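Using the hints, position chain V against chain L.
Here the protein sequences line up with chains L and V, keeping their order.
Per this note's numbering: the first sequence ends with 422, consecutive numbering throughout.
Per this note's numbering: the second sequence ends with 422, consecutive numbering throughout.
Certain hints may be false.
The list treats identical chains as interchangeable, and a pair is accepted whether it falls inside one copy or across any two copies.
With a straight-line Cα cutoff of 25 Å, these simulated DMTMM-like cross-link-like pairs (lysine to aspartate or glutamate) come out [said to hold, decoys possible]:
#, residue 1, residue 2
1, 298, 213
2, 231, 194
3, 216, 313
4, 271, 313
5, 216, 297
In case anyone wonders, no lab produced these hints; they're calculated from the structure.
Predicted model only: the values in this text are computed from it and were never measured.
Protein chains: 2
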Amino acid sequence: MNLILLYQEDFTGSRRVRLQGRRCEHAREVLKASNGRTLQVGLLNGKVGSGTVVSTSEQNLELDVLLEGEPPPPLPLTIILALPRPKVFKRVLQGLSAMGVKRIILLNSWRVDKSYWQSPALEPHAIREQLILGLEQSRDTILPSVERQPRFKPFVEDTLPAIVAGTCALVAHPLAERPCPAEIKRPVTLAIGPEGGFTAYEIEEMTAAGLSPVHLGQRPLRVETAVPALIGRLLSPS
Amino acid sequence: MNLILLYQEDFTGSRRVRLQGRRCEHAREVLKASNGRTLQVGLLNGKVGSGTVVSTSEQNLELDVLLEGEPPPPLPLTIILALPRPKVFKRVLQGLSAMGVKRIILLNSWRVDKSYWQSPALEPHAIREQLILGLEQSRDTILPSVERQPRFKPFVEDTLPAIVAGTCALVAHPLAERPCPAEIKRPVTLAIGPEGGFTAYEIEEMTAAGLSPVHLGQRPLRVETAVPALIGRLLSPS
Numbered sequence: 185m186n187l188i189l190l191y192q193e194d195f196t197g198s199r200r201v202r203l204q205g206r207r208c209e210h211a212r213e214v215l216k217a218s219n220g221r222t223l224q225v226g227l228l229n230g231k232v233g234s235g236t237v238v239s240t241s242e243q244n245l246e247l248d249v250l251l252e253g254e255p256p257p258p259l260p261l262t263i264i265l266a267l268p269r270p271k272v273f274k275r276v277l278q279g280l281s282a283m284g285v286k287r288i289i290l291l292n293s294w295r296v297d298k299s300y301w302q303s304p305a306l307e308p309h310a311i312r313e314q315l316i317l318g319l320e321q322s323r324d325t326i327l328p329s330v331e332r333q334p335r336f337k338p339f340v341e342d343t344l345p346a347i348v349a350g351t352c353a354l355v356a357h358p359l360a361e362r363p364c365p366a367e368i369k370r371p372v373t374l375a376i377g378p379e380g381g382f383t384a385y386e387i388e389e390m391t392a393a394g395l396s397p398v399h400l401g402q403r404p405l406r407v408e409t410a411v412p413a414l415i416g417r418l419l420s421p422s
Numbered sequence: 185m186n187l188i189l190l191y192q193e194d195f196t197g198s199r200r201v202r203l204q205g206r207r208c209e210h211a212r213e214v215l216k217a218s219n220g221r222t223l224q225v226g227l228l229n230g231k232v233g234s235g236t237v238v239s240t241s242e243q244n245l246e247l248d249v250l251l252e253g254e255p256p257p258p259l260p261l262t263i264i265l266a267l268p269r270p271k272v273f274k275r276v277l278q279g280l281s282a283m284g285v286k287r288i289i290l291l292n293s294w295r296v297d298k299s300y301w302q303s304p305a306l307e308p309h310a311i312r313e314q315l316i317l318g319l320e321q322s323r324d325t326i327l328p329s330v331e332r333q334p335r336f337k338p339f340v341e342d343t344l345p346a347i348v349a350g351t352c353a354l355v356a357h358p359l360a361e362r363p364c365p366a367e368i369k370r371p372v373t374l375a376i377g378p379e380g381g382f383t384a385y386e387i388e389e390m391t392a393a394g395l396s397p398v399h400l401g402q403r404p405l406r407v408e409t410a411v412p413a414l415i416g417r418l419l420s421p422s
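With the rest of the complex left out, here is chain L (with noise of 0.2 Å):
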């Protein structure tokens, strides 16, 4: 926890919160929090700042906040992945979130079992969980949004083509021609398929979407490692 999140719900008066529970310990515990220490924070979809301990206690901590900067600014990438299996999806997801993905789309594909998308790792809450301790450790507030796709043909043939548009778009493909670019300057999509990798016909599918399959050379990744490598690989840092 690099930024402590705060909620509109946490506030007691216009700069003061009060945090309790996970937040309160991780204060107290880690940071050893005490009165007159600064932590850094930010407001949930809003600025960062910093606050300024001023009481704690077994239960409660006080903040004497001040938001004034900016998060980072988001990766201009929407990434479309084949829902992994649940373990794997939470460690995904934090991952999205604390490279700063903004969009994220689950998609089912052939090799996708069908039990995945019944886990509880789907749930809402389990969902913002994930984005929200991704969003703690790179210091960010802007909540990604996720959305499913669970049928892959309606999805891919209506609309995709137009996420796609004025993009840079790429599918990883093992079997690809093409070598990933890097450092591109422009937006991305980037799919990624599920172990086993896309099937043939969905590659073609998407080919027709307008995506390009491109490779990381051609040995076969885990999901939690092909994401970050795609995504490291892509970005523009400035």
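Chain V in isolation, oriented as in the chain L frame:
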């Protein structure tokens, strides 16, 4: 397991191997191997090829193997990693092995908790287990080397300059002025700090040893995200 890794002791004849335990179970239960089926196999530190199932039983799987291919090319990258906490270390190690890194140096740093060096995750068999999982994932056979350098200063001052020589040498540092370059076509030495980063003194010492500080944007990332992001960025897939 995209490749079944074989060891010399599995051979019962010049081309015949007998598998038991984890690999046998995986072949039977996940790959649904039955007589006549062909599986991808590779010999540890040797060639890759195919294994045709010639007999199966509850406890054993016998294969007739032909090893003629080369494993995927290694990444020309030496990684110097501030020792992460044990749970993260395991995952990162497996990912490094899967991505094709062949030399991994574990380094101490001010922000590395001393207890991490006593973790069972650092025992040779535990390290080997994660490396093997990475090789099986990426259809590789060449076991990476893992060195421990629990003393920062003597390593950086006396040993590091020779490792760095002739390579593009970088240290990931969120406060660096220069963004991390992409798609480097020559050997790379890459140092990655602990959660919280290397200290200013450590960055100074590494700079003196020939490494250039580079950043990947202003977001602090977890080690398990930063490692594949940096490697995916630097590599030059052919």
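Comparing the hints with the structure gives:
{"no.": "1", "hint": "298 with 213", "result": "between (41 Å within a copy, 19 Å between copies)"}
{"no.": "2", "hint": "231 with 194", "result": "within (15 Å within a copy, 60 Å between copies)"}
{"no.": "3", "hint": "216 with 313", "result": "within (24 Å within a copy, 37 Å between copies)"}
{"no.": "4", "hint": "271 with 313", "result": "both (14 Å within a copy, 21 Å between copies)"}
{"no.": "5", "hint": "216 with 297", "result": "between (44 Å within a copy, 17 Å between copies)"}
In this structure, every one of the numbered hints holds.
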